[in-house]
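Asker: One-letter residues, chain by chain:
Protein chains: 2
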Amino acid sequence: MAIIVQKYGGTSVASLDHIRRVAESVAARKRNGHDLVVVVSAMSGQTDQLLEMAAKISAEPSDREQDALVSTGEQVCAALMAITLNSIGCPASSLMGLQLPLITNSVHTKARILDLHTGKLKQLFSEGIVPVVAGFQGISEEGNITTLGRGGSDTTAVAIAAALGADCCEIYTDVDGIYTADPNICPKARHLEKISYSEMLELASLGAKVLHSRSVELAQKYAVPLVVKSSFGSDKQTWIVNEEDIMEDSVIQGVTLERNVSKISLIRVPDRPGIAHRILSPLADAAINVDMIIQNASIDGFADFTFTIAKTDREKATQLVEKVAAEIGAPKVLAANNIVKVSAVGIGIKTNPGVAAKMFKSLSTENINIEMISTSEYRISCVIEEKYGELAVRAIHQAFELEGSPQAVEGEQ
Amino acid sequence: MAIIVQKYGGTSVASLDHIRRVAESVAARKRNGHDLVVVVSAMSGQTDQLLEMAAKISAEPSDREQDALVSTGEQVCAALMAITLNSIGCPASSLMGLQLPLITNSVHTKARILDLHTGKLKQLFSEGIVPVVAGFQGISEEGNITTLGRGGSDTTAVAIAAALGADCCEIYTDVDGIYTADPNICPKARHLEKISYSEMLELASLGAKVLHSRSVELAQKYAVPLVVKSSFGSDKQTWIVNEEDIMEDSVIQGVTLERNVSKISLIRVPDRPGIAHRILSPLADAAINVDMIIQNASIDGFADFTFTIAKTDREKATQLVEKVAAEIGAPKVLAANNIVKVSAVGIGIKTNPGVAAKMFKSLSTENINIEMISTSEYRISCVIEEKYGELAVRAIHQAFELEGSPQAVEGEQ
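Going down the list, the protein sequences come from chains C and V. Going by the working numbering, the first sequence opens with residue 18, and the numbers climb by one from there. Going by the working numbering, the second sequence opens with residue 18, and the numbers climb by one from there.
Don't take each hint at face value.
Pairs count within a copy or across copies, as identical chains cannot be separated in the list.
[Claimed, not checked] In silico SDA-like links for lysine to any residue, alpha-carbon gap of 25 Å or less:
#	residue 1	residue 2
1	137	159
2	137	120
3	139	160
4	375	74
5	139	124
6	137	118
7	139	157
8	378	124
9	137	160
10	404	240
11	73	44
12	73	63
13	73	108
14	211	42
15	226	408
Derived from the structure by calculation, the hints contain no laboratory data. All values reported here derive from a predicted model rather than from experimental measurement.
Make the full structure from the sequences, and use the hints.
Answerer: Rendered as structure tokens:
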């Protein structure tokens with residue numbers, strides 16, 4: 018008898034029919050004697066609908082209230098799922114984040130988990146009741162409803178799995194696992210049976226929408242075995258495991274395209290110590306993540322300072338940076354949206370010095386100009402013009418020979 | 018500087034435009050220096066939409082889950098209202114029932130308030146923030162989300178007003194107060210400037226939808242001055258006050274038509290002590306209110322036992338009664354839906370013995386058969402066939418000369 022946490026994404030619970038199918042599968046697993054926790058996202062489209070209403074009222078709706086608003090999407094889905102489970106003879110109780118409670122800090126719209134109580138879940142286990150937890154949401158120590166930001170329901174599921182010491186955390190979504198690239202962009206992309214936490218972390222932080230990096234981070238930290246499955250009947254799945262469990266000797270495992278990128282440049286910044294901190298600390302205070310940073314060589318005591326952020330943070334970030342620019346006497350702030358980030362990811366990168374050169378060559382062969390570069394142990398990323406994004410993915414995918422042979426794909430099923 | 022609790026019903030917050038108009042009026046009142054609490058219902062139609070989803074899944078959705086589901090309607094509206102207030106420069110914070118907290122018993126879908134904490138509200142007052150409370154909902158001592166049943170948002174508003182010792186509780190709705198009858202049924206109905214708690218209580222319990230009886234009960238108990246206003250620009254309003262503050266000498270103040278009535282009859286019940294208790298106690302256990310009860314004279318040791326309940330409770334009640342009928346050997350249970358209850362209400366009834374006779378005469382003149390009768394200090398009610406309901410209201414209204422003269426109506430404005 019195992020403890021299993023299952024998370025169902027928005028497309029898996031898109032309609033009452035979808036919810037019924039999921040419920041039947043949950044009830045079947047429950048009958049096998051496992052202790053199940055079901056974590057649900059909002060029905061697909063619900064969160065956007067709520068955000069649109071808020072956006073119609075105000076260009077910058079209060080973060081606290083936006084959280085109170087959008088958290089209802091998951092609550093509705095959790096209640097509908099529990100009603101469905103009860104109706105087919107599988108006792109279930111819905112729980113909002115604040116009923117667990119899942120305690121977070123107070124950074125609304127992207128709160129971080131501070132604590133998670135499992136007493137309620139264990140009590141329900143002992144009564145044979147399946148807890149259906151509204152993902153994505155928690156409560157701050159001040160008693161305000163918070164949300165965990167993008168991929169928050171995955172984070173909820175992994176956090177619960179970690180806190181319960183669950184045997185595994187199953188992430189059900191509309192794809193059957195991780196591919197070497199987005200098959201919509203790269204038709205020859207190959208399905209992966211296994212990938213390491215570190216690689217998944219890079220892929221996730223680079224816009225692979227299957228799993229959010231925070232949930233992978235958490236899974237790695239607490240050694241939660243994670244598996245990505247399709248809720249639409251495919252037998253394929255991808256396990257996310259420790260590096261040492263990866264058998265294959267691929268240099269890179271995947272190529273990603275990140276579209277949610279904006280670039281902000283401060284022109285003619287006085288080149289003196291502390292300037293970078295002065296520019297970036299207001300962003301940190303506002304919980305805006307800065308990704309790539311470039312400061313060009315100083316000319317006559319001035320330099321240009323460029324960094325990338327999530328496109329969704331652009332408005333707020335630009336406001337903050339314009340304020341700093343005025344204070345430090347930088348005459349101009351430029352913001353660009355028409356860029357993307359392509360990346361190659363793999364645990365082989367750190368031990369294969371030629372990987373970067375090969376990637377750059379594949380881009381230059383297609384006449385794609387590289388605007389910014391960043392690298393890590395497991396990743397090489399290039400910022401390029403948006404219009405070349407998909408071409409770049411295909412070029413890199415081909416350069417590293419990531420295509421699957423039909424036999425290999427069949428063998429994985 | 019007064020403490021004022023305002024409650025806005027579903028039609029007053031039916032769209033984002035409606036919400037904006039309400040917010041502007043709230044902000045204006047706030048600028049006058051009052052401490053305001055805003056209580057909101059779900060946007061009109063939302064609750065029904067959520068209930069329909071639950072009904073599509075199951076004929077009898079779990080009560081606990083239905084509460085978790087429908088409570089999101091008020092939460093959405095409270096968050097949208099708070100976003101709107103913040104956007105027009107009036108600081109506001111939405112609060113779910115469980116954030117106050119408003120503690121209830123565990124009778125899901127019709128919970129009763131056990132306790133209401135005002136600390137959070139007072140804290141927000143001290144910070145100049147308008148609390149926007151999601152009406153209709155609370156949390157049980159076991160930590161489950163509960164709802165207060167029909168008119169629950171009114172109850173929330175009055176309970177908050179009582180707990181805060183507010184100067185008054187304003188109920189904003191789509192009508193401008195209480196009339197001698199529903200103007201849709203009786204075009205000559207007259208607007209009332211004042212009505213006593215006791216009369217309002219009778220009217221409310223009889224299906225006048227403007228205020229629910231529980232909220233009036235609570236207002237009377239804690240002497241909360243209550244006023245019903247239109248949120249659509251009318252200057253008329255109706256104050257609900259103590260009996261001694263009613264100047265007019267009307268024998269009756271209003272005529273009502275209650276459509277949410279079902280009748281259940283047990284045929285040939287053994288006529289022995291304890292039978293009524295045996296039949297009705299399972300209903301009480303299931304929190305189903307029984308209204309009128311008739312047991313006819315015993316013939317050869319058997320009698321027919323008939324009672325009325327809310328139409329919405331019919332299915333559950335019939336099930337419970339059929340079980341008892343089988344146990345006590347009553348051969349038949351009949352349930353009828355095609356009935357209504359017409360009532361005359363007024364504090365003059367107890368001191369005017371001829372009122373009942375006058376009412377029965379007005380019905381008999383129209384050839385309307387009376388199936389059941391019940392009376393109280395302030396009320397005479399008759400159950401009749403549904404198809405005669407509106408005719409009966411007009412007949413009684415005319416018999417007691419309740420029509421307003423045009424002058425009188427103008428004088429009230």
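Asker: Classify it for me, residue 226 with residue 408: is the Cα-Cα distance of at most 25 Å met within a copy, between copies, both or neither?
Answerer: within (19 Å within a copy, 64 Å between copies)
Asker: Between copies, within a copy, both or neither: which fits residue 378 and residue 124 at Cα up to 25 Å?
Answerer: Close neither inside one copy (42 Å) nor across copies (69 Å); limit 25 Å.
Asker: Treating 25 Å as the Cα threshold, decide for residue 73 and residue 63: within, between, both or neither.
Answerer: both (15 Å within a copy, 19 Å between copies)
Asker: I want to check one pair: residue 137 and residue 159. Are their C-alpha atoms no more than 25 Å apart within a copy, between two copies, both, or neither?
Answerer: Both, since 21 Å and 10 Å are each at most 25 Å.
Asker: Quick one: residue 137 to residue 120, C-alpha cut-off 25 Å, is that within a copy, between copies, both, or neither?
Answerer: The answer is both: 14 Å in one copy and 19 Å across copies each meet 25 Å.
Asker: Since the copies are identical, ignore which copy is meant and state whether residue 73 and residue 108 lie within 25 Å (CA to CA) inside a copy, between copies, both or neither.
Answerer: between (40 Å within a copy, 18 Å between copies)
Asker: Quick one: residue 137 to residue 118, C-alpha cut-off 25 Å, is that within a copy, between copies, both, or neither?
Answerer: Answer is both: 9 Å inside a copy and 19 Å across each meet the 25 Å cutoff.
Asker: State whether the alpha carbon distance between residue 211 and residue 42 is at most 25 Å within one copy, between copies, both, or neither.
Answerer: within (24 Å within a copy, 59 Å between copies)
Asker: Within a copy, between copies, both or neither: where do residue 375 and residue 74 come within 25 Å Cα-Cα?
Answerer: Close neither inside one copy (50 Å) nor across copies (56 Å); limit 25 Å.
Asker: Since the copies are identical, ignore which copy is meant and state whether residue 73 and residue 44 lie within 25 Å (CA to CA) inside a copy, between copies, both or neither.
Answerer: between (40 Å within a copy, 19 Å between copies)
Asker: Evaluate residue 404 and residue 240 at a C-alpha cut-off of 25 Å and name the case that applies: within, between, both or neither.
Answerer: Neither, since 39 Å and 69 Å both go past 25 Å.
Asker: At 25 Å max between alpha carbons, let me know whether residue 139 reaches residue 160 within a copy, between copies, both or neither.
Answerer: both (23 Å within a copy, 15 Å between copies)
Hints 4, 8 and 10 from the earlier list are contradicted by this structure; the remaining hints agree with it.
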